[in-house]
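From just these sequences and the hints, can you work out the full model?
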Amino acid sequence: NAGVTQTPKFRVLKTGQSMTLLCAQDMNHEYMYWYRQDPGMGLRLIHYSVGEGTTAKGEVPDGYNVSRLKKQNFLLGLESAAPSQTSVYFCASRGSYQADTQYFGPGTRLTVL
Amino acid sequence: KNQVEQSPQSLIILEGKNCTLQCNYTVSPFSNLRWYKQDTGRGPVSLTIMTFSENTKSNGRYTATLDADTKQSSLHITASQLSDSASYICVVTGSDDYKLSFGAGTTVTVRA
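Just so you know, the sequences run in chain order A and B. Just so we're aligned: the first sequence equals residues 1 to 113 in the working numbering. Just so we're aligned: the second sequence equals residues 1 to 112 in the working numbering.
Misleading hints may appear alongside valid ones.
To be verified - Straight-line C-alpha distance at most 25 Å; calculated DSS-like pairs for lysine-lysine:
id : chain 1 : residue 1 : chain 2 : residue 2
1  : B       : K99       : A       : K71
2  : B       : K57       : B       : K71
3  : B       : K99       : A       : K57
Treat the hints as calculated values from the structure; they're not laboratory data.
Rendered as structure tokens:
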């Protein structure tokens with residue numbers, strides 16, 4: 001049981017390049033989330049999904065797109081990276097009940113030059 | 001404005017000592033409050049979760065309290081260990097099940 005895994009762990013992009021971050025969970029969770037974490041700030045929700053085939057915008061969705069084609073995977077895409085997107089990105093998943101624990105992945109550190 | 005404020009921003013304590021972290025929130029209506037521990041370079045890990053009707057919850061040497069009337073919570077670490085060095089994050093869930101409000105965290109450094 002690997003929990004929540006993220007690929008890649010580190011990445012450096014040039015402004016304007018695109019990339020996709022992959023999140024996978026093996027706990028059969030319905031809910032999945034993408035967050036970004038910046039120094040001195042709490043985690044901020046980018047997009048989330050309440051089930052396979054569904055996605056919704058979070059607090060800071062601009063510049064990002066997501067897809068949930070399979071229940072176990074949640075992809076975060078950057079179509080044209082900007083320096084403001086330099087951050088640490090965390091994926092998380094949770095069961096169907098509100099009191100269920102939210103499990104986080106190890107994070108992806110992205111630098112946009 | 002962040003709806004979850006944590007204090008202090010950071011603190012240093014000696015191994016074996018106790019410490020208390022504070023969390024004030026304005027999220028309303030309130031559903032539950034969680035405390036997470038985040039080690040450097042890792043994702044957050046859940047320590048406790050409390051609903052409106054609970055006012056204390058323990059997990060080993062970690063004890064969380066909640067006062068829903070004053071919208072305050074605290075996390076008490078007893079007999080600190082070097083492995084307690086981490087950032088501790090307070091997270092509040094409101095009526096919107098899918099959104100969680102995160103505090104900026106308190107960084108705890110335990111020194112031998």
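The hints, checked one at a time:
The suggested pairing of K99/B with K71/A holds, with an alpha-carbon distance near 20 Å, which does not exceed 25 Å. For the hint linking K57/B to K71/B, the alpha-carbon distance of about 16 Å falls within 25 Å, and the restraint holds. A C-alpha spacing of about 10 Å is found between K99/B and K57/A, which places the hinted pair at or below 25 Å, so the restraint holds.
The structure shown violates none of the earlier numbered hints.
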